[in-house]
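Student: Protein chains in written order, with the working numbering: chain A, 1 to 252; chain B, 1 to 357; chain C, 1 to 256.
Misleading hints may appear alongside valid ones.
[Claimed, not checked] 20 Å max Cα-Cα, derived EDC-like pairs, lysine to aspartate or glutamate:
#1 B:K215 x C:D45
#2 C:K200 x C:D51
#3 A:K176 x A:E208
#4 B:K215 x C:D51
#5 B:K212 x C:D45
#6 B:K298 x B:E254
#7 B:K209 x C:D45
#8 B:K212 x C:E21
[Stated by the list, open to error] From the derived model, a few chain C residues whose C-beta atoms are all more than 10 Å from chain B:
#9 C28
#10 T167
#11 K195
#12 K199
#13 L248
#14 P251
Don't read these hints as lab results, they were simulated from the structure.
All values reported here derive from a predicted model rather than from experimental measurement.
By construction, the Cβ of each residue, glycine as well, lies at the ideal position given by its N, Cα and C atoms.
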Amino acid sequence: MAKVVKIALAGEGGQGVQSIAEILAEAANEEGKNALYIPNFGVEQRGGVSIAYVQISDGAIGAPKFQRADILIPLSPRAVKRTKMHAGRETVYIYDNSLVQEAEVNDNIVGLQYNDVTPPCPAAGEPNPGSAPATSVTAPNKDLPQDMIAGDPKTCSFTAPGPGVNPADIPAEVKKVIAIPANDIAKEELHPRVFNIIILGAVIAATEVLPLDSIKKALETKLGDKFKANPALRDMNYKALERGYQTIKGAM
Amino acid sequence: MAEVSLQGEQRVFMTGNEVVAWAALAAKVDIMYGYPITPQNEIMHYWTRLAPKYGKRFLQTEDEISAGFTMLGGVMTGRKAFTATAGPGNVLMQESAVMAEMMRLPAVFVIQQRGGPSTATVIYAQQETTLTAFGGNGEGHRIVYSTSTHQELFDYTIKAFNAAWTYRFPTFVLGDGYQAKMREPLTIYDPGEKGLELVPTEPMVGENKPGKQFKYLRNTYNTEDELYEVVMDNQRDWDAMAPKVVEWSEKGCEDADIVLVTHGVVSRAALGAYDLLRAQGKKVGVFRPITIRPFPDKQLLAAVQKAKKLLVAESAYGQLLKLVQGALYGAPVEIVPVLRPGIGITTEELVEEYNKL
Amino acid sequence: MQELKENNHLQPAMPACWNEETKPHKFCPGCGHGIILKALGEAIDELGVKDQVVFGCDIGCSLLSWDFFATDSVQTHHGRTTPVITGMKRANRDIVGIAYMGDGGGYAIGSQHLFNAAVRGEKITIILCNNCNYGMTGGQMAPTTLPGMKTETSPYGRDVEETGYPTKGPEMVAAVAPEGAYVARGTIANVRQLKGFIKKALENQIAGNGISFVECLSSCPTNWRTNAKKTWEFVEKEMAQYFKVGELRTPQVKEG
Numbered sequence: 001m002a003k004v005v006k007i008a009l010a011g012e013g014g015q016g017v018q019s020i021a022e023i024l025a026e027a028a029n030e031e032g033k034n035a036l037y038i039p040n041f042g043v044e045q046r047g048g049v050s051i052a053y054v055q056i057s058d059g060a061i062g063a064p065k066f067q068r069a070d071i072l073i074p075l076s077p078r079a080v081k082r083t084k085m086h087a088g089r090e091t092v093y094i095y096d097n098s099l100v101q102e103a104e105v106n107d108n109i110v111g112l113q114y115n116d117v118t119p120p121c122p123a124a125g126e127p128n129p130g131s132a133p134a135t136s137v138t139a140p141n142k143d144l145p146q147d148m149i150a151g152d153p154k155t156c157s158f159t160a161p162g163p164g165v166n167p168a169d170i171p172a173e174v175k176k177v178i179a180i181p182a183n184d185i186a187k188e189e190l191h192p193r194v195f196n197i198i199i200l201g202a203v204i205a206a207t208e209v210l211p212l213d214s215i216k217k218a219l220e221t222k223l224g225d226k227f228k229a230n231p232a233l234r235d236m237n238y239k240a241l242e243r244g245y246q247t248i249k250g251a252m
Numbered sequence: 001m002a003e004v005s006l007q008g009e010q011r012v013f014m015t016g017n018e019v020v021a022w023a024a025l026a027a028k029v030d031i032m033y034g035y036p037i038t039p040q041n042e043i044m045h046y047w048t049r050l051a052p053k054y055g056k057r058f059l060q061t062e063d064e065i066s067a068g069f070t071m072l073g074g075v076m077t078g079r080k081a082f083t084a085t086a087g088p089g090n091v092l093m094q095e096s097a098v099m100a101e102m103m104r105l106p107a108v109f110v111i112q113q114r115g116g117p118s119t120a121t122v123i124y125a126q127q128e129t130t131l132t133a134f135g136g137n138g139e140g141h142r143i144v145y146s147t148s149t150h151q152e153l154f155d156y157t158i159k160a161f162n163a164a165w166t167y168r169f170p171t172f173v174l175g176d177g178y179q180a181k182m183r184e185p186l187t188i189y190d191p192g193e194k195g196l197e198l199v200p201t202e203p204m205v206g207e208n209k210p211g212k213q214f215k216y217l218r219n220t221y222n223t224e225d226e227l228y229e230v231v232m233d234n235q236r237d238w239d240a241m242a243p244k245v246v247e248w249s250e251k252g253c254e255d256a257d258i259v260l261v262t263h264g265v266v267s268r269a270a271l272g273a274y275d276l277l278r279a280q281g282k283k284v285g286v287f288r289p290i291t292i293r294p295f296p297d298k299q300l301l302a303a304v305q306k307a308k309k310l311l312v313a314e315s316a317y318g319q320l321l322k323l324v325q326g327a328l329y330g331a332p333v334e335i336v337p338v339l340r341p342g343i344g345i346t347t348e349e350l351v352e353e354y355n356k357l
Numbered sequence: 001m002q003e004l005k006e007n008n009h010l011q012p013a014m015p016a017c018w019n020e021e022t023k024p025h026k027f028c029p030g031c032g033h034g035i036i037l038k039a040l041g042e043a044i045d046e047l048g049v050k051d052q053v054v055f056g057c058d059i060g061c062s063l064l065s066w067d068f069f070a071t072d073s074v075q076t077h078h079g080r081t082t083p084v085i086t087g088m089k090r091a092n093r094d095i096v097g098i099a100y101m102g103d104g105g106g107y108a109i110g111s112q113h114l115f116n117a118a119v120r121g122e123k124i125t126i127i128l129c130n131n132c133n134y135g136m137t138g139g140q141m142a143p144t145t146l147p148g149m150k151t152e153t154s155p156y157g158r159d160v161e162e163t164g165y166p167t168k169g170p171e172m173v174a175a176v177a178p179e180g181a182y183v184a185r186g187t188i189a190n191v192r193q194l195k196g197f198i199k200k201a202l203e204n205q206i207a208g209n210g211i212s213f214v215e216c217l218s219s220c221p222t223n224w225r226t227n228a229k230k231t232w233e234f235v236e237k238e239m240a241q242y243f244k245v246g247e248l249r250t251p252q253v254k255e256g
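Isolated chain A (complex conformation):
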């Protein structure tokens, strides 16, 4: 029976946990692995803690959600409190120890919790003109109004300083606890918008099921056009990815 790696990410709406999960699952799928990603979603369009469940395996994957995560990554003080039930003895626990406020909601991120949001429609292709009528499921949906499907991984980081995570909230009996000041790194060394890419790098280092290159490929698929227009953006994302990866590698 193939091992299933269970990853739970949690954060405030707008921190981009669902984007991280999506890229992770897509990268695993591209690597030929089985992947399952499910967001939690409720009726609230914003506010509240958002959790993403990702499972990766070489074999079959069971229930879409799970009790105990192999890797649990709460990214805000509230998320730390909300995800206690997913921490177990085998859990590698990664949290952001930046000194941020309890919660900050950005109006621009309405809908990011995947309530009724239609994600980009990568499979909706155009029929090939001329040749045998067919549907290509790899071609992007170019003829659609782009604002309906556009996929900037909308992220934000916390800007207002605060007390950060209360150490008393960190579960005691886990395999390993790693703190990464991703929010501070993003803000001070890179750019607030690549906060979630740092986390993505951290996840890759912690899970050890996917090569870092697979994430680069996935980013290229998602943001290729933007990278082409602005190569500095690519560098920034790759740097963030490496930074997150190395921080965790060092701590493991």
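Starting from the known structure of chain A, fit chains B and C onto it as the hints suggest.
Tutor: The following block gives chains B and C in isolation, referenced to the frame of chain A:
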């Protein structure tokens, strides 16, 4: 306008709602009717993105009652039509579902179950199992497929159209919010290329042929005897059809002391638990009805001949349980329910429940 | 005709699209449904669209028309005839879809369908029989029951303070329908005019202009407990005083 044709087999990674839209396209559906309700909305979202490219249509109605009845209108003109809903919308759609039962209309409903009763949650449940399978007045007949993976969601959505148009009973694909929103890989394909024939449709009314024989379609009868005949005719058709349509899956039941009985997405947890427990040398089996109606009662009875206990697990408070109890009435096997209304059931929980036995 | 004379009895001329085998029809003596359906039948005949017609009927007395015409016919649920015919027309634009219903089906249980079909400008024809009460169920108050009118559920007369005023359906449809709509109110007291309205309503659908809606003031002597004279007076005077007969919307003639 391009004909729909999915060339070759293609591995894709998408949400269940998107899968349903693609399956409807693969099944060469002509028109979808719908009314927004979470968690089925993206079926409409994807359909409205895909449909116009292939000359397919969509109508957003004023409510689920209308979505159901406009779909019946579409079906009566011989067009392949479907709708999708959930929760309170499923309640409203029962009215059109019973008309489809009585008039033997090949209507297809996709249900993405959410929590209940009332508005409850938009997330997930298996609490619409009874409603979907038996929600009407009278004793109408309907086929209900309960899926557990995206591959099945694709396969059985196509199958639902075929079953509906072959047997002329309304057909339901019973999914849930988890299946609607989660993403996993599956292979989509053109049914024709796989040798899977799409059952042709035919108009019941509205065919413009001079000198045609006009038809009366009705659901009201004047006398008890008239009704009795119609109902019994339907019952006989159903009895003849049921063995051909009933589907289930089982694993390890031959030597199992304990059999896990689940349906839909909870079956994934059961299979996960099966693998873990078998690896420990435990004699466990799994049984899963794929058709909730017709229910595989004989097959279940046969599968649990050697079992001492059944663990019946569902994200509802006893809906699958009642079907199982009915099928096994009098059988010397203890039924242990694991009832979690409106909440997911994980592999770990099932292993825990097993270990408690 | 010769044959009829020879048999020494004279039968009224039936529209060709009626199903003779189901006549005499099933409505009560003095009921207006037969008159409306005759006007509809003649309009269908004159337009020669019998084979394209799908006739949908509701629940309530209109149900009794389920086998009235020698055309494709669908009897639906209470209030749901509008969406069934809408669904057909959306799936197959070649049909001539007629939704036939009473005031309960159109203005109460199916009002959201009527309203939204009007807003969307569905290219169907809706014909609604207004007889001021729920006939089939034994004469209860309907959305169209006149102020002060006695019914089984308003035995002291309809109290508008408690139950509001009678629904003015054509006025509502006319107010919300987009350009291309045809909306009229006719009466069984003027069959020639009523037939004209219904014919225009069918033509408007065939031209693909928009929604076509005709309300028909009708009679229910059984539940009104009226004799012939009183029945006629009620339709001609009392109903027509509240419900104004005439055309409310006609599509603009396209130039060129």
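Student: Against each hint, give a clear statement of whether it holds in the structure.
Tutor: Hint check:
At most 20 Å may separate the alpha-carbon atoms for a hinted pair to count; K215 of chain B and D45 of chain C meet this at roughly 18 Å. Among the hinted pairs, K200 of chain C with D51 of chain C is consistent with the structure: their alpha-carbon atoms are about 18 Å apart, no more than 20 Å. Restraint check: the Cα-Cα separation between K176 of chain A and E208 of chain A comes to about 15 Å, which is no more than 20 Å; the hinted pair holds. Distance restraint check for K215 of chain B and D51 of chain C: the Cα-Cα separation of roughly 11 Å lies within the 20 Å cut-off, and the hinted pair is therefore satisfied.
Distance hint between K212 of chain B and D45 of chain C is fulfilled; the C-alpha atoms sit about 16 Å from each other, no more than 20 Å. At most 20 Å may separate the alpha-carbon atoms for a hinted pair to count; K298 of chain B and E254 of chain B meet this at roughly 15 Å. With a CA separation close to 16 Å, the supplied pair K209 of chain B and D45 of chain C stays within the 20 Å bound. For the proposed pair K212 of chain B and E21 of chain C, the alpha carbon gap of about 17 Å is at most 20 Å, so the pair holds.
Distance to chain B confirms C28 of chain C as a non-interface residue, since its nearest Cβ pair spans about 16 Å, more than 10 Å. Once the 10 Å rule is applied to beta carbons, T167 of chain C is consistent with being away from chain B; the minimum gap is 17 Å. Against the 10 Å criterion, K195 of chain C stays outside the reach of chain B, whose nearest CB is about 22 Å from its own CB. Listed as a non-interface residue, K199 of chain C keeps its Cβ farther than 10 Å from every Cβ of chain B; the least gap is roughly 20 Å.
Every CB of chain B lies more than 10 Å from the CB of L248 of chain C, the least distance being 22 Å, so the non-interface label holds. No Cβ of chain B comes within 10 Å of the Cβ of P251 of chain C; the nearest lies about 22 Å off, and the non-interface call holds.
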